[in-house]
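Those protein sequences? They're chains A and B, same order as listed.
Per the numbering used here, the first sequence starts with residue 1, numbered consecutively.
Per the numbering used here, the second sequence starts with residue 425, numbered consecutively.
Calculated directly from the structure, the hints in this document are not laboratory data.
Please note: incorrect hints may appear among the correct ones.
Unchecked claim - 30 Å max Cα-Cα, derived DSS-like pairs, lysine-lysine: (1) B:Lys617 / B:Lys522; (2) B:Lys444 / B:Lys462; (3) A:Lys20 / B:Lys507; (4) A:Lys422 / B:Lys444; (5) B:Lys456 / B:Lys842; (6) A:Lys286 / A:Lys38; (7) A:Lys418 / B:Lys444; (8) A:Lys154 / A:Lys193; (9) A:Lys38 / A:Lys6; (10) A:Lys396 / A:Lys352; (11) B:Lys842 / A:Lys6; (12) B:Lys462 / B:Lys842; (13) A:Lys20 / B:Lys842; (14) A:Lys83 / B:Lys444; (15) A:Lys98 / A:Lys20; (16) B:Lys710 / B:Lys649; (17) A:Lys193 / A:Lys98; (18) A:Lys6 / B:Lys820; (19) B:Lys507 / A:Lys286; (20) B:Lys776 / B:Lys820; (21) B:Lys578 / A:Lys418; (22) B:Lys507 / B:Lys462; (23) B:Lys578 / B:Lys522; (24) A:Lys20 / B:Lys846; (25) B:Lys578 / B:Lys462; (26) B:Lys578 / A:Lys83; (27) B:Lys522 / B:Lys776; (28) B:Lys430 / B:Lys444; (29) A:Lys20 / A:Lys6; (30) B:Lys846 / B:Lys578; (31) A:Lys20 / A:Lys396; (32) A:Lys38 / A:Lys352; (33) A:Lys352 / A:Lys32; (34) B:Lys456 / B:Lys820; (35) A:Lys422 / B:Lys846; (36) A:Lys98 / A:Lys286.
Claimed, not checked - Derived CB-CB ranges, DEER-like: (37) A:Glu410 / B:Arg683: 34 to 44 Å; (38) A:Lys283 / B:Met502: 25 to 35 Å; (39) A:Leu285 / B:Pro500: 45 to 55 Å.
Nothing here was measured: the structure is a model prediction, and the numbers come from that model.
Positions of the beta carbon are idealized from the N, C-alpha and C atoms, including for glycine.
There are 2 protein chains.
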Amino acid sequence: MSILIKNGHVIYGENLEIVKADVLIEGNRIAKVAGGIKEAADTVIDARGRVISPGFINLHTHSPMGLFRGLADDLPLMDWLEKYIWPREAKLTRELTKAGAYLGVLEMIRTGTTTFLDMYFHMDAVAEVVLEAGLRGYLSYGMIDLGDPDRTEKELEGAVRTMEFIDGLRSDRVHFVFGPHAPYTCSIALLEKVRELADEHNRLITIHVSETQSEIGRILERYGKSPVELLDDIGFLGRDVIMAHGVWLDSRDIHILARHGVTVAHNPASNMKLASGVMPLEKLLKAGVNVALGTDGSASNNNLDMLEEMKLAALLHKVYNFDPTVADAGTVFRMATLNGARALRLNAGVVKEGALADLVIIDFNSPHLRPMNNIVSHIVYSANGSDVETTIVDGKILMLDREVLTLDEERILEKAEKAIEKLA
Amino acid sequence: MSILIKNGHVIYGENLEIVKADVLIEGNRIAKVAGGIKEAADTVIDARGRVISPGFINLHTHSPMGLFRGLADDLPLMDWLEKYIWPREAKLTRELTKAGAYLGVLEMIRTGTTTFLDMYFHMDAVAEVVLEAGLRGYLSYGMIDLGDPDRTEKELEGAVRTMEFIDGLRSDRVHFVFGPHAPYTCSIALLEKVRELADEHNRLITIHVSETQSEIGRILERYGKSPVELLDDIGFLGRDVIMAHGVWLDSRDIHILARHGVTVAHNPASNMKLASGVMPLEKLLKAGVNVALGTDGSASNNNLDMLEEMKLAALLHKVYNFDPTVADAGTVFRMATLNGARALRLNAGVVKEGALADLVIIDFNSPHLRPMNNIVSHIVYSANGSDVETTIVDGKILMLDREVLTLDEERILEKAEKAIEKLA
């Protein structure tokens, strides 16, 4: 299988250089980026007036939570969880979770996300959905033992079972990741065992850390240290750890994260909407920490639009630092592409020869993207997910000219409506 | 002329009640909102799976500045102005301004804005564009005299000339507004004369006030008081004043604004992007000040998308106040509709019998707007301008099923590209 995308404006390489060129995809790789490519291809796409961009990498979400979109806004975190989210999650069956995952992956394909890191329940079901949809998914079963040794065992079994299920799918696109929920919901025993298993099976780990001020207080009270110090002390941290949120970090925490090469998945919309706080982006970047971008779940965002998320990230840190030069367009664009790929050890998030063919074509024939003064700026500050016209993952076209090819859109929307009725 | 919109979910009345109903438009008014309307109509629109919403009112922008979109991001305000914006603005002819205005109104129609309050130069040209496009425009010529009495006279003459030109168009949709730029760029003499003229001709006034901390310092140094106190002392304030920004306001300022019934046009994206600061929304609302929403110009946003702006407003004030309950979806939705209409003394911004037929149809057949758990929340937190399918102003359809009927889109995009080349 080969695809030739002709006459686009290509956002090329790590430096985001804009070149007018064709892009040739052979198999699942980008084979060539050059002007006037003559090779024949199975599919030819005309990208005149369009931009060929790396696909976006959503480094923290809970894909099935789209079902809960808009059910509980403008509420304190604990009301949100206790009155609205947890009672519904308790009723989630495998089938209902799958209905939510379909809705999530459909939205991601539509808005140009090519890879995502997920944490939720029934992840075997989510894996099936990702396999069918054609996205690249890194899937973690969210483990919570609340210090109960029986639950520790059960959660670890659940994780290993999910790993085996996903491995059994034998897909290069669908990967298992260990997902202990957070230091305040997981015992030390669970966290230590996860570290062991991740080493043994050579898997990544993702975990929520330092999201809210109250979490910091709880961990300090229980352990006499910060969540990051705690994780450091038990030998949990490493280059394979992707930590979601990291809102409340002091200089010591940041130093620890940098030393271990931990990636932080930043979720500005969720942190703003739940009033969790503002992640110290500038300090993290200065310390050399790899920071990537995520949307969090659609119950606290309320969408999975990585283009919108880039704008939020850039704007939030400018006003927070009283400095319009921070979180510039290029920095934020890399957070949404390259930095996520780096965390996942993936040769993607960039358009260049040899990289995985995970890319999107963005339609610039719209008033809000003209004049074409600055393509990367327009994507970060003015575009949104609806401007994505074509989504390609692993050399396969998932959406062409805004038509999703791998999923039955109408059926997914219908099933999502029915699912939430059952959860009421 | 009559239009019947059938089977939509209507956001009805000031309380934003969701009703499944038809909407009948007769002439330029909403005649009836009810189930199963039987009256015949010249045009019938099927709105199944769609939402009928009041059109959005952008209460502060500089429509031609779309030309400068992305030309100068991530810069300190003075660099932005002195190195990039002012040199180009100095070269702006009537024709080039018009090219920018076309781009702006096209974007507004596409993203569901039905009314806007503008400030710029060559406003006679902008008025012609608005007349042709079919939008409702409140247009002010931005006056700056920098304390030079010769310029005071010239600027006032320019404003009066613009007023007479716009009055000469004899349109119910296009209105002149007095637009002294700001207390730091206008002399007291100019401001006092504007107040007189506004009273004499019964026109609204719009002005930038308290946008940046440095402005506060300059006014304090020059006059020994805050910009709001200064305007109060010279008798400038009143119900007819729409003040853009209001980022740096103390309790005394807020009390003054409430007492005079001044409207504040809030521009969260611009205030964040230029790192101006955070407007004290909660304090203004508690004091009873009418707060509406604007996008500011596309050089500091970088688009005119009021749906995106609503999300930014809601999220910014939640994290700024560390309280997820502030700036709830309904409050922010009213800021983008009703409150703007109130400031403009316009019977619009609401779908109900007798109101002006300024409304939009939003397509909810997209994964990011499902399940339809909460329509107003979805519009504020998950939708963006691209979800707007049909835009109706003054009982005329400007865009139907995403096709703009009043303007030549391709030509406008081309002209915008050529205009910016001439300004380089």
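Results for each hint:
no., hint, verdict
1, B:Lys617 / B:Lys522, "29 Å, holds"
2, B:Lys444 / B:Lys462, "15 Å, holds"
3, A:Lys20 / B:Lys507, "28 Å, holds"
4, A:Lys422 / B:Lys444, "22 Å, holds"
5, B:Lys456 / B:Lys842, "46 Å, violated"
6, A:Lys286 / A:Lys38, "45 Å, violated"
7, A:Lys418 / B:Lys444, "19 Å, holds"
8, A:Lys154 / A:Lys193, "12 Å, holds"
9, A:Lys38 / A:Lys6, "10 Å, holds"
10, A:Lys396 / A:Lys352, "17 Å, holds"
11, B:Lys842 / A:Lys6, "24 Å, holds"
12, B:Lys462 / B:Lys842, "50 Å, violated"
13, A:Lys20 / B:Lys842, "19 Å, holds"
14, A:Lys83 / B:Lys444, "28 Å, holds"
15, A:Lys98 / A:Lys20, "41 Å, violated"
16, B:Lys710 / B:Lys649, "24 Å, holds"
17, A:Lys193 / A:Lys98, "29 Å, holds"
18, A:Lys6 / B:Lys820, "40 Å, violated"
19, B:Lys507 / A:Lys286, "28 Å, holds"
20, B:Lys776 / B:Lys820, "17 Å, holds"
21, B:Lys578 / A:Lys418, "65 Å, violated"
22, B:Lys507 / B:Lys462, "60 Å, violated"
23, B:Lys578 / B:Lys522, "22 Å, holds"
24, A:Lys20 / B:Lys846, "22 Å, holds"
25, B:Lys578 / B:Lys462, "57 Å, violated"
26, B:Lys578 / A:Lys83, "63 Å, violated"
27, B:Lys522 / B:Lys776, "35 Å, violated"
28, B:Lys430 / B:Lys444, "9 Å, holds"
29, A:Lys20 / A:Lys6, "9 Å, holds"
30, B:Lys846 / B:Lys578, "27 Å, holds"
31, A:Lys20 / A:Lys396, "23 Å, holds"
32, A:Lys38 / A:Lys352, "18 Å, holds"
33, A:Lys352 / A:Lys32, "7 Å, holds"
34, B:Lys456 / B:Lys820, "16 Å, holds"
35, A:Lys422 / B:Lys846, "60 Å, violated"
36, A:Lys98 / A:Lys286, "40 Å, violated"
37, A:Glu410 / B:Arg683: 34 to 44 Å, "55 Å, violated"
38, A:Lys283 / B:Met502: 25 to 35 Å, "26 Å, holds"
39, A:Leu285 / B:Pro500: 45 to 55 Å, "19 Å, violated"
When each numbered hint is compared with the structure, violations occur for hints 5, 6, 12, 15, 18, 21, 22, 25, 26, 27, 35, 36, 37 and 39.
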